[in-house]
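> Take a look at the letters that make up each chain.
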Amino acid sequence: MNDRHKKINIAILSSFTLNSLPAELKKVCHDAKINVDVYLGKYNQYVQEILDGNSGLYKFKPDVIILFIDAKTLLGELFFNPYGSQKDIWEKWPNTISRNLSDLIRKLLNKTEAKIIFHNFETPIYSPLGIIENRKRSGYFESIEKLNTILRGSFKDNNRVFIFDYNNFCSRIGKENIIDSKMYYLGDIKISFKYLTQLCHEYLAYIIPIAAKTKKCLVFDLDNTLWGGIIGEDGFEGIKLGPTPEGKPFLEFQKHILALHNRGLMLAINSKNNPADALKVLREHPYMILKEENFVAKRINWQDKITNMKELAKELNIGLDSFIFFDDDKVNREMVKKYLPQVEVVEMPEDPSLYPLTLFKINSFNTFQITEEDRKRNEMYIQEKKRIELKNEVQNLEEFIKSLELETAILKADKFTIPRISQLTLKTNQFNVTTKRYNEGQIKNFIKSDKYLIKCYQIVDKFGDYGITGVAIIKQINKDWLIDTFLLSCRVLGKNVEFAIMGSIIKEAKKKKIKKIISEFVPTSKNKPAENFYQDCRFKIIEKTAGRTKYSFDIKKDGFIQPNYINIH
Amino acid sequence: MNKLKKILAKILEIKEDEINDKTSPDNTPTWDSYNGLLIASELEEAFNLKFTMDEVTRVKNVKDIKGVLKKHKIKINS
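Heads up: the protein sequence lines correspond to chains Z and B, in order. For the first sequence, the numbering used here begins at 1428 and goes up steadily by one. For the second sequence, the numbering used here begins at 69 and goes up steadily by one.
Derived from the structure by calculation, the hints contain no laboratory data. No residue lacks a Cβ here, since even glycine has one placed at the ideal position from N, Cα and C. Keep in mind that the hints are not guaranteed to be accurate.
Unchecked claim - The calculated label-pair distances, taken between Cβ atoms and stated as ranges, are:
(1) B:ARG126 - Z:ILE1559: 50 to 56 Å
(2) Z:GLN1625 - B:LYS131: 17 to 23 Å
(3) B:LYS131 - Z:ILE1559: 49 to 55 Å
(4) B:LYS71 - Z:LEU1501: 35 to 41 Å
(5) B:LYS118 - Z:LYS1488: 41 to 47 Å
(6) Z:SER1876 - B:GLU113: 52 to 58 Å
(7) Z:PHE1787 - B:GLU113: 21 to 27 Å
(8) B:LYS131 - Z:ASN1537: 54 to 60 Å
(9) B:LYS71 - Z:GLU1711: 53 to 59 Å
(10) B:GLU113 - Z:LYS1488: 33 to 39 Å
(11) B:LYS78 - Z:GLU1958: 44 to 50 Å
(12) Z:ASN1471 - B:LYS131: 32 to 38 Å
In isolation and in its complexed conformation, chain Z is listed as follows (with noise of 0.2 Å):
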């Protein structure tokens, strides 16, 4: 459990006054069920705090750092009259800004493990020169603009730097609201009140990764939600969907939806209604956009939200808190909210033309990459399903893993395979011996030290391709090793190779003379499923308290056979 409470530590420099935003912030976290703490620099001395290697910044131990520098303070004297004081001011002066401000990004870099948000600038809505400023040759506006392709570029293969589009947002609320002008003389504050809870919910999509806190699964009803009206008194053709004023909101509504289902999103569907009149849209509606195969689990009848909602976990083998359920009915929302609390809930609005935007505002499912694992992730559900429909073939669970043909592949942790492997330790729950959660960084740095070993496991079986879906980190200590980190992805659950896994590592001790095998199990309240497998691998236990259990297992004298019929190479 201690993980999931673990606190997340975000500090945030900036060049002007934004006492509210710790608090806005702690409060949009929490509402997300994220614990934080949040350190907020001295008035506009970023740059010190930076540079300082005894600042408050650097003591705080952030594991977030949100870099604020308005455009204003940027400037100076140039944003009042950006062409009176030096000639041609412009044409360095996005590369001199941006290589200011890259070395202190990479000061931070250096000196902290912390993930970086780096606001861009807010290009500026006047301009002296009226209707010719875009006219000018490395002109002021351009020059902001310019400045800020520069630094997106800079840190677009750099996994812990993220330059958050602030223009973007000053847009979307207004360029001149954004500012409360009387605030700002009065106070030198540059954004308004109003929209700090917007700002923190735009940071609430980089902490939730984080925290390990990402939604998997997007759960949908039908009527009304993915088309209007309703199929059982419509009919087939009575429904609204298409290129009809109606029907557009639907269908767009739709087309985005494949469009995160292609990003690796998984969908499915929790509606009461008769199975043969929903499934004939889904197969056969010309402006059904999402096809019946796009979905990984459906749950059409007439059982209540909720228990589909349970079932549909099951069958998919993720938590409730992987789901994000879309239904137009109040009703059932307040419902799912009472008794699975753990579902996130859309407020969708009465009217369906607001659809689109209402998905656009959904932030939960970000990810600070997509692997080419969440690309696939939706056919190996499917291979899944093909795999179940076998298992109720072969009654014998042990004949039923052999027919599986599994294979394993040992990888080694390179700059192809690290950001898997860090993606699995922060979001494997269930087969997770110690649930440590690693970021990419950490995983280089045990690379960097001779006293780790690390592993990723890569399994297939004849019906395809899982990917990476095991992890093994194991620490050196003198002539004994000590599991670290052993996981599995639910994925691959239940098919034994964790055991073929244990197999091999006991295999390389004996190779490198290793004495014995220390290994600890720390109890969640999720991985349970691991629970007994140290046992099972006849490691005796050695200590035993209420947050963990202590196992030894002696190379020369402790036996385990492997399963014979998983090939691990």
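We have chain Z; now place chain B onto it with these hints.
Below, chain B alone, put in the same frame as chain Z:
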């Protein structure tokens, strides 16, 4: 219902019944210049109006706030 007292109590972290016309930055440690601005902003939202900069700077106590609100045709009882 006294919206003004509610807002003051929330921002200044004091009890509603401790607030009277004489409550001011001088006798309320939490009433610093930043919280003064927050109060102005929250009142603007709550009563759907806009103060001028001058109105904000001239406020020295709760009585002054009531005066400004009255100018905007908002009546505060008690």
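> Hint by hint, note whether the structure agrees.
Tested hints:
Restraint check, B:ARG126 to Z:ILE1559: a C-beta distance of roughly 42 Å breaks the suggested window 50 to 56 Å. As the Cβ distance of Z:GLN1625 to B:LYS131 is approximately 35 Å, the hint placing it in 17 to 23 Å is violated. The hinted range of 49 to 55 Å is satisfied by B:LYS131 and Z:ILE1559, whose Cβ atoms lie roughly 53 Å apart. About 39 Å separates the C-beta atoms of B:LYS71 and Z:LEU1501, a value consistent with the hinted range of 35 to 41 Å.
Evaluation of the 41 to 47 Å hint for B:LYS118 and Z:LYS1488 yields a pass: the beta carbon distance comes to about 43 Å. Distance hint for Z:SER1876 and B:GLU113: a CB-CB separation of about 54 Å, consistent with the stated range 52 to 58 Å. A C-beta distance of roughly 25 Å is found between Z:PHE1787 and B:GLU113, which places it inside the suggested range of 21 to 27 Å. Distance hint check for B:LYS131 and Z:ASN1537: the Cβ-Cβ separation is about 55 Å, which falls inside the suggested range of 54 to 60 Å.
Under the hint 53 to 59 Å, the C-beta atoms of B:LYS71 and Z:GLU1711, about 57 Å apart, fit the expected range. Range check, B:GLU113 to Z:LYS1488: Cβ separation about 36 Å, and the 33 to 39 Å hint holds. A hinted range of 44 to 50 Å holds for the C-beta pair B:LYS78 and Z:GLU1958, which are about 47 Å apart. Here the CB-CB span from Z:ASN1471 to B:LYS131 is close to 35 Å, well matched to the stated 32 to 38 Å.
In summary, the numbered hints that this structure violates are 1, 2.
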